[in-house]
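J.: Residue numbers (full-length UniProt numbering): 1 to 157.
Keep in mind that the hints are not guaranteed to be accurate.
Unchecked claim - Here are the computed distance ranges between Cβ atoms for each label pair:
id	residue 1	residue 2	range
1	P38	Q141	14 to 22 Å
2	A52	S151	17 to 25 Å
3	R6	E53	15 to 23 Å
4	R5	E53	14 to 22 Å
5	R6	P38	28 to 36 Å
6	A3	P73	35 to 43 Å
7	R6	R68	30 to 38 Å
8	A149	D77	18 to 26 Å
9	D27	T76	15 to 23 Å
10	V44	I8	15 to 23 Å
11	R5	V32	12 to 20 Å
12	R45	R16	14 to 22 Å
13	N66	A17	34 to 42 Å
14	A149	E111	16 to 24 Å
None of these hints come from the bench; they were simulated from the model.
By construction, the Cβ of each residue, glycine as well, lies at the ideal position given by its N, Cα and C atoms.
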Amino acid sequence: MTAFRRGIRLGIDVGRARVGVARSDPDGVLAVPVETVPRKGEPVRRIVALVAEYEAFEVLVGLPLNLRGEDTPSTTDARRFADQLASALPIPVRLVDERLSTVSAHGVLREAGRSQRDSRSIVDQVAAVVLLQQALDVERQSGEPAGPAISPGQEPA
Numbered sequence: 001m002t003a004f005r006r007g008i009r010l011g012i013d014v015g016r017a018r019v020g021v022a023r024s025d026p027d028g029v030l031a032v033p034v035e036t037v038p039r040k041g042e043p044v045r046r047i048v049a050l051v052a053e054y055e056a057f058e059v060l061v062g063l064p065l066n067l068r069g070e071d072t073p074s075t076t077d078a079r080r081f082a083d084q085l086a087s088a089l090p091i092p093v094r095l096v097d098e099r100l101s102t103v104s105a106h107g108v109l110r111e112a113g114r115s116q117r118d119s120r121s122i123v124d125q126v127a128a129v130v131l132l133q134q135a136l137d138v139e140r141q142s143g144e145p146a147g148p149a150i151s152p153g154q155e156p157a
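Model the full assembly from the supplied sequences, consistent with the hints where possible.
T.: What follows is the structure in structure tokens.
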């Protein structure tokens, strides 16, 4: 067991049309939304810029497994996106189980009085907050980083 690692982390929720980005505070207590990056264009380049801007030491990419823990087409897409990030960044990229983070994000927004239609532009950010907060909590409780680090072109262990 290791001590909780201090520093800013970025959480990434990969969607087909948009990528939600969240960040933690340096003490890893709280995850907050950053922005929604369109999938069209160069989303990896924008995330690399955000890593530099926030001086993040790690990126956590949500892995949308199904409820049985199996891969889906979205899982394959998230793995590909994480691989692209790992190739473009000098810091670790980790895959973290994000089952139900988007469902949780919709629930949070609904409780805040926002309709699903009104929430479309921010739901990906909120899902990134949910997955990042879960990863922070796991590391704080276990003393170990959440999810395996990946190397470009390799499946995670």
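J.: All hints are to be evaluated individually against the structure, with a verdict given for each.
T.: For each hint, the structure was consulted:
1. Range check, P38 to Q141: about 35 Å between beta-carbon atoms, so the 14 to 22 Å window is missed.
2. Our hint of 17 to 25 Å for A52 and S151 holds, since their Cβ atoms are close to 21 Å apart.
3. Taking the beta carbon of each, R6 and E53 are about 19 Å apart, inside 15 to 23 Å as hinted.
4. Look at R5 against E53: about 20 Å separates their beta carbons, and that is inside 14 to 22 Å.
5. Taken as a hint, the range 28 to 36 Å holds for the pair R6 and P38, whose Cβ atoms sit roughly 32 Å apart.
6. As the Cβ distance of A3 to P73 is approximately 38 Å, the hint placing it in 35 to 43 Å holds.
7. For the pair R6 and R68, the supplied restraint of 30 to 38 Å holds, since their beta-carbon distance comes to about 36 Å.
8. Taking 18 to 26 Å as the suggested C-beta distance range, the pair A149 and D77 conforms, at roughly 19 Å.
9. Between D27 and T76 the beta carbons are some 34 Å apart, a value that contradicts the proposed interval 15 to 23 Å.
10. Checking the proposed 15 to 23 Å range against V44 and I8 shows it holds: the Cβ atoms sit about 19 Å from each other.
11. Judged by the Cβ atoms, the range 12 to 20 Å given for R5 and V32 holds: they are separated by roughly 19 Å.
12. A hinted range of 14 to 22 Å holds for the C-beta pair R45 and R16, which are about 19 Å apart.
13. Taking 34 to 42 Å as the suggested C-beta distance range, the pair N66 and A17 does not conform, at roughly 20 Å.
14. The supplied range of 16 to 24 Å is broken by A149 and E111, whose beta-carbon atoms lie about 34 Å from each other.
Of the hints listed earlier, those the structure fails to meet are numbers 1, 9, 13 and 14, in rising order.
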